[in-house]
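Participant: Please build the complex by placing chain B on the supplied structure of chain A, with the hints as guidance.
Quick mapping for you: the protein sequence lines, in order, are chains A and B.
Just so we're aligned, residue 126 is where the first sequence starts under the working numbering, counting upward by one.
Just so we're aligned, residue 126 is where the second sequence starts under the working numbering, counting upward by one.
Simulated from the structure, these hints should not be mistaken for laboratory data.
Warning: the hint list may mix true and false statements.
Only pairs whose alpha carbons sit at most 30 Å apart, straight line, appear in this in silico DSS-like list of lysine-lysine [stated by the list, open to error]: (1) B:340 / A:237; (2) B:272 / A:128; (3) B:272 / A:340; (4) A:275 / A:351; (5) B:272 / B:207; (6) B:207 / A:128; (7) A:361 / A:275; (8) A:360 / B:272; (9) B:340 / B:351; (10) A:240 / B:352.
Covered stretches of chain B (in silico footprint by chain A; criterion: 3 or more residues with CB under 8 Å from a CB of chain A, positions within the stretch not fixed) [claimed, not checked]: (11) 144-150; (12) 197-210; (13) 227-239; (14) 273-286; (15) 333-344.
Not close to chain A: a few residues of chain B, all C-beta gaps over 12 Å, as computed [to be verified]: (16) 159; (17) 189; (18) 302; (19) 306.
The C-beta atom is built at its ideal place from N, Cα and C for all residues, glycine as well.
Residue-level listing of the chains:
Number of protein chains: 2
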Amino acid sequence: MEKGMIYMIPVTLGGEVVNDVIPANVQSIATDLRYFIVENVKSARRFLRKIDREFPIDDCQFFEINRKTEASEIYRYLKPAKEGHNIGVMSDAGCPGVADPGAIIMTMAHEKNIKVQPLVGPSSILLTLMGSGFNGQNFSFSGYLPKERKDRIRAMKNFEADTYRNGTTHLFMDTPFRNMNVLEDLLNELADTTMICIASNLTLVGENIRTMSAKDWREHAYDLAKKPTMFAIGKKQ
Amino acid sequence: MEKGMIYMIPVTLGGEVVNDVIPANVQSIATDLRYFIVENVKSARRFLRKIDREFPIDDCQFFEINRKTEASEIYRYLKPAKEGHNIGVMSDAGCPGVADPGAIIMTMAHEKNIKVQPLVGPSSILLTLMGSGFNGQNFSFSGYLPKERKDRIRAMKNFEADTYRNGTTHLFMDTPFRNMNVLEDLLNELADTTMICIASNLTLVGENIRTMSAKDWREHAYDLAKKPTMFAIGKKQ
Numbered sequence: 126m127e128k129g130m131i132y133m134i135p136v137t138l139g140g141e142v143v144n145d146v147i148p149a150n151v152q153s154i155a156t157d158l159r160y161f162i163v164e165n166v167k168s169a170r171r172f173l174r175k176i177d178r179e180f181p182i183d184d185c186q187f188f189e190i191n192r193k194t195e196a197s198e199i200y201r202y203l204k205p206a207k208e209g210h211n212i213g214v215m216s217d218a219g220c221p222g223v224a225d226p227g228a229i230i231m232t233m234a235h236e237k238n239i240k241v242q243p244l245v246g247p248s249s250i251l252l253t254l255m256g257s258g259f260n261g262q263n264f265s266f267s268g269y270l271p272k273e274r275k276d277r278i279r280a281m282k283n284f285e286a287d288t289y290r291n292g293t294t295h296l297f298m299d300t301p302f303r304n305m306n307v308l309e310d311l312l313n314e315l316a317d318t319t320m321i322c323i324a325s326n327l328t329l330v331g332e333n334i335r336t337m338s339a340k341d342w343r344e345h346a347y348d349l350a351k352k353p354t355m356f357a358i359g360k361k362q
Numbered sequence: 126m127e128k129g130m131i132y133m134i135p136v137t138l139g140g141e142v143v144n145d146v147i148p149a150n151v152q153s154i155a156t157d158l159r160y161f162i163v164e165n166v167k168s169a170r171r172f173l174r175k176i177d178r179e180f181p182i183d184d185c186q187f188f189e190i191n192r193k194t195e196a197s198e199i200y201r202y203l204k205p206a207k208e209g210h211n212i213g214v215m216s217d218a219g220c221p222g223v224a225d226p227g228a229i230i231m232t233m234a235h236e237k238n239i240k241v242q243p244l245v246g247p248s249s250i251l252l253t254l255m256g257s258g259f260n261g262q263n264f265s266f267s268g269y270l271p272k273e274r275k276d277r278i279r280a281m282k283n284f285e286a287d288t289y290r291n292g293t294t295h296l297f298m299d300t301p302f303r304n305m306n307v308l309e310d311l312l313n314e315l316a317d318t319t320m321i322c323i324a325s326n327l328t329l330v331g332e333n334i335r336t337m338s339a340k341d342w343r344e345h346a347y348d349l350a351k352k353p354t355m356f357a358i359g360k361k362q
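For reference, chain A alone in the conformation it holds in the complex (with noise of 0.2 Å):
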């Protein structure tokens, strides 16, 4: 192992086992630091356990950070890597940097000349993509919609035009609360011939994941209240 690094470490997508969606070499690369800057130290602590049950939780130091966490706050976690001491992000689900606070850490760390590894886990993203059938050559990730449903109705037409005119896959999301909402709107604006990907439950129990066209869809909606989803609009292959 080399000295003063920072590894990006994914965690489950909220999946009980481990082995399903974490590299071996990526569990004990985790349980082997010692200073971790976490989203949530709970969350942390339990994945850390769940690798291995006699993990020395106590011997650790956990760094909180959020989206209000100070800049010189940050500089101040990343101080064990310039002391020599490996450090791990973790955020609390997926893949660390991707949609949490740890993208300042690696920007930090860049400009301080400190060395950072990003490690193989799970991305719902990557997954629904994978799993959708569509171009994955030329794909966009979105993050959530907007909250009001004049101004999400406009995205997603945006998406769609934009997949009819240059094959480009759109893939965004919501929190689960408003999933019902998200899937009326995608079925009562889109084109019937427009190709819509849904990918719920990703890597968990009832993990669902279909590709049918909106007029498809009409007819085979599912409830999507309250499960993680990953929405995608994309041009057959």
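Facilitator: Relative to chain A, chain B alone:
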């Protein structure tokens, strides 16, 4: 294990240690299968033997698929699923269905109501995004850059403009023998303050991920020739 479904099975990015990048349970799903649709039979066999030296390759059926494979042929490859057998789809490197002919298999599976399950493995797109420090809530992958220098430069400048305008992270790549041309154009054509991430040899010996301004890259450029490399233009977080 359910019956008659299709697993999207990631393989290494060229590295020799499967446990670095493929979760244990994904390996065990792969070696339980006897039907495979693959980009390259030889590399698929090598991968399965790397997981399990005793893997009974002679009991398996491998169907090779490339960009020229006829749709009717692919439908035939899916027949075992209709007969209750599970099928694995494997690409030459990384995650199937993202930058290979695998997507069309997913499309056909959805049409024929065959269940699909994408599994976790290494993706240079996602690893670059994680390590870049760039915006992961809004990103775009554009595959290979245009071959013509003029078109390539226009594409880069469009990425740069969109990053400044919308904060979007733009990821792209090229064939390894053109990497140095890409680097040259990036450093000549982009503004001093534009942030560029270069990730080469991901998950391999000599892995290197660095994010710097175009200005700093001009002083610290290194040899990318023949190294598998992902480029990104993005906004500092």
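Participant: Indicate, hint by hint, whether the structure satisfies it.
Facilitator: Against the structure, the hints:
The hinted pair formed by residue 340 of chain B and residue 237 of chain A meets the criterion: a straight-line CA distance of about 16 Å does not exceed 30 Å. As the CA atoms of residue 272 of chain B and residue 128 of chain A are separated by approximately 40 Å, the hinted pair breaks the 30 Å bound. Restraint check for residue 272 of chain B and residue 340 of chain A: not satisfied, since their Cα atoms lie roughly 39 Å apart, outside the 30 Å limit. Distance check on the hinted pair: residue 275 of chain A and residue 351 of chain A sit about 22 Å apart at the alpha-carbon level, within 30 Å; holds.
Proximity of residue 272 of chain B to residue 207 of chain B is assessed by CA-CA distance (about 42 Å); at most 30 Å being required, the pair is judged violated. Among the hinted pairs, residue 207 of chain B with residue 128 of chain A is inconsistent with the structure: their alpha-carbon atoms are about 52 Å apart, more than 30 Å. As the CA atoms of residue 361 of chain A and residue 275 of chain A are separated by approximately 27 Å, the hinted pair is consistent with the 30 Å bound. In summary, the hint linking residue 360 of chain A to residue 272 of chain B is supported, as the alpha carbons are separated by about 24 Å, within the 30 Å threshold.
At most 30 Å may separate the alpha-carbon atoms for a hinted pair to count; residue 340 of chain B and residue 351 of chain B meet this at roughly 24 Å. Between the alpha carbons of residue 240 of chain A and residue 352 of chain B the distance comes to roughly 19 Å, so the proposed pair stays at or under 30 Å and holds. With a cut-off of 8 Å between beta carbons, the region 144-150 of chain B has 7 residues touching chain A; three or more are needed, and the interface restraint holds. A stretch counts as covered by a chain when three or more of its residues have a beta carbon under 8 Å from one of that chain; for the region 197-210 of chain B and chain A the count is 0, and the coverage is violated.
Counting residues of the region 227-239 of chain B whose CB falls under 8 Å from any CB of chain A gives 9; the rule of at least 3 is met. Closer than 8 Å: that is the beta-carbon criterion, and the region 273-286 of chain B has 0 residues meeting it against chain A, so the requirement of 3 is violated. With 4 residues having a Cβ less than 8 Å from any Cβ of chain A, the region 333-344 of chain B passes the three-residue criterion, so the hint holds. Every beta carbon of chain A lies more than 12 Å from that of residue 159 of chain B, the smallest distance being close to 22 Å; the non-interface claim holds.
Once the 12 Å rule is applied to beta carbons, residue 189 of chain B is consistent with being away from chain A; the minimum gap is 18 Å. Interface exclusion of residue 302 of chain B from chain A stands, the closest Cβ pair being 19 Å apart, more than 12 Å. With a least beta-carbon separation of about 20 Å from chain A, residue 306 of chain B lies farther than 12 Å from that chain, consistent with its non-interface assignment.
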